[in-house]
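Novice: Listed below are the residues making up each chain.
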Amino acid sequence: MKPFREQNYYELLDVRPNAEKEVLAKAYEAAKRAFAGDALASYSLFDPGERQALLARLAEAWRTLSDPALRVRYDEDVLGIRSSVGPPAEGAVPGPRPMAFSYADLPATGVTGSALRSRREAIGVPLQEIALNTRISIAYLQFIEEDHEKGLPHEAYLRGYLTQYARAIGLDPHTVADGYLRHLRILRSGKR
Amino acid sequence: MLGLGEQGRLVQKEIWAVGGGKGGTGKTYLSASLAIGLAKLGKRVIAIDADLGCANLHTALGADPPAATLSDFIKGRMKTLSEVLGETSFPTLRLISGAHDFLEIANPKHTEKMRLIRQIQDLDVEYIILDLGAGTAFNSLDFFLAADRGILTVIPEPTSIENVYRFIKSAFYRRFKRAVRHPDMKALVSCAMDQKNERGIRTPHDLMACVEAIDSEVGGRLRKTMAEFSPKLVVNQVRSQDDAALGLSMRSSCSKYFGIHVEYLGFVEYDDCVWRAMKRKRPPVMEYPDAVSSRGTGTVLANLLKGEQIAFDLCVRG
Ligand SMILES: Nc1ncnc2c1ncn2[C@@H]1O[C@H](COP(=O)(O)OP(=O)(O)OP(=O)(O)O)[C@@H](O)[C@H]1O
Ligand SMILES: [Mg+2]
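These protein sequences, in sequence, are chains P and G.
Take our numbering: the last position of the first sequence gets the number 192, and nothing is skipped along the way.
Take our numbering: the last position of the second sequence gets the number 318, and nothing is skipped along the way.
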């Protein structure tokens, strides 16, 4: 969603904050190819200066995240995450496969607060952890899971929260945001 | 989009537009494949040939040349769109053919176009598939923006990719311009549309930053518009793993450069079956349902439906 200068290292590499090192390595290789000077997908967008800046940011992202100590520091200082690295918990979501498309790992059921909570509980991510990682107030996260319409912020902010929440539980952010906002509109129109 | 059905009950209606800038990237082929795929699932579908310059969707659907076309409607010879609906060999799939006297209506007046878009939105059906023409003319952009899902086809060639980027940017600016009211803001968007503008605005995100600096409230509204704008991408005529990965790099490029989130729906392999069937005026997905290309369009449809499944489930429950 953000141009590269505003993206954090994980966003730059298109990986989740809990991605393992092999996933990071693959993502870095793919990114270097995608933003090389002659790359089909990007040659027409970036001028040489910008391309250099982007490649330098990617290299910096890889240098930092591939070093466990630097990564822990980056996570804490920049993202405010305690420790995302380490062996994945039992039943944890695997990192994104290079060829994965959006929607790939969606639940078949609807995007409701309770469906999202079940998904989160199934993969064993505590709400506190998401609050910490995303810096979204835990109250809002609870309101999302409870479909508590009155407590939820304006749609413009809610969308951002939903995308971050979705990422944290390994779902496609846009599908979840779209689905949930639609769900909310239907709830609201039903009450009127 | 929610609409009222025949008996006044709430029905889920989706408009999907297929565009992509460059000619010959498979817009018509994909539109026909999606429409047929939906019809085979028993959905009520209307496929509309919105390529006002060069209509050929009926051929891709294996349907007979139509008795009435869009031009009859646009020129007012027929009052409603339902009068120009044609049948296909699929019971739940109907067709609105494009114009043939294209010189007359390739560029309909704005009011004519808006009347057309309104009537499209009012059609009583579950799915509407719009096959757009090549290019980034306002015609294509307006249909694209009127859809619930805007799908772009790209083939692994420089001109096609450049055209898709241009399309995304133009569509976004057009949507942006509609979302603001103040003449100064509209002027700013016009300025941004000129690639060599003196304000140095080169991307939608630059424009956003500029607007936010002037008026934070309008800026916030536009940020929302930007977050909601999410074109879908299909890579067609794929011949290698690299070609298939193009969708991922384009998605990443769009977010890194434009600040726009694109969704990659999947790819369709290059397959001789496609043109062989098209040459015989038969839909490839019917002639060769097990071909790799048909599996590709099937995946694209499944991904579109999975996104939608969610909303539909909610509709039933809510
Ligand atoms: N996956 C594919 N494999 C092989 N041939 C293909 C494939 N997709 C499309 N084609 C061929 O490419 C040609 C153009 O396809 P199509 O007419 O669908 O493109 P279009 O984008 O609608 O073009 P226009 O811009 O002229 O409307 C057709 O002859 C079709 O047979
Ligand atoms: Mg066509």
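Everything labelled a hint here was simulated from the structure, so no lab data went into it.
One or more hints might be untrue.
[What the hints assert, rightly or not] Simulated restraints, written as ranges between beta carbons of each label pair:
#1 P:GLU60 to G:GLU112: 45 to 55 Å
#2 G:ASP194 to P:LYS32: 41 to 51 Å
#3 P:ARG33 to G:GLU83: 31 to 41 Å
#4 G:GLU217 to P:GLY190: 25 to 35 Å
#5 P:ASN8 to G:LYS75: 48 to 58 Å
#6 G:ALA187 to P:PRO68: 48 to 58 Å
#7 G:ALA302 to P:ASN8: 45 to 55 Å
#8 G:ASP184 to P:PRO68: 31 to 41 Å
Bear in mind that the values here come from a model prediction, so they are computed numbers and not experimental data.
Yeah, the Cβ is synthetic: ideal placement off N, Cα and C, and Gly gets one too.
Novice: Is 48 to 58 Å respected by the C-beta to C-beta distance linking ASN8 (chain P) and LYS75 (chain G)?
Specialist: holds (55 Å)
Novice: How does the Cβ-Cβ distance of ASP194 (chain G) and LYS32 (chain P) compare with 41 to 51 Å: does it lie in that range?
Specialist: violated (33 Å)
Novice: If I claimed the Cβ atoms of GLU60 (chain P) and GLU112 (chain G) lie 45 to 55 Å apart, would that claim hold in this structure?
Specialist: holds (54 Å)
Novice: CB of GLU217 (chain G) to CB of GLY190 (chain P), is that within 25 to 35 Å?
Specialist: holds (30 Å)
Novice: How does the Cβ-Cβ distance of ALA187 (chain G) and PRO68 (chain P) compare with 48 to 58 Å: does it lie in that range?
Specialist: Given about 52 Å between the Cβ atoms, the range holds.
Novice: Range first: 31 to 41 Å. Now tell me if the beta carbons of ASP184 (chain G) and PRO68 (chain P) are that far apart.
Specialist: Because 52 Å falls outside the window, the suggested range is violated.
Novice: Does the Cβ pair ALA302 (chain G), ASN8 (chain P) satisfy 45 to 55 Å?
Specialist: violated (32 Å)
Novice: May I ask you to test the hint 31 to 41 Å on the CB atoms belonging to ARG33 (chain P) and GLU83 (chain G)?
Specialist: Violated: the Cβ-Cβ distance is about 53 Å, outside 31 to 41 Å.
In this structure, the earlier hints numbered 2, 3, 7, 8 are contradicted, and the remaining ones agree with it.
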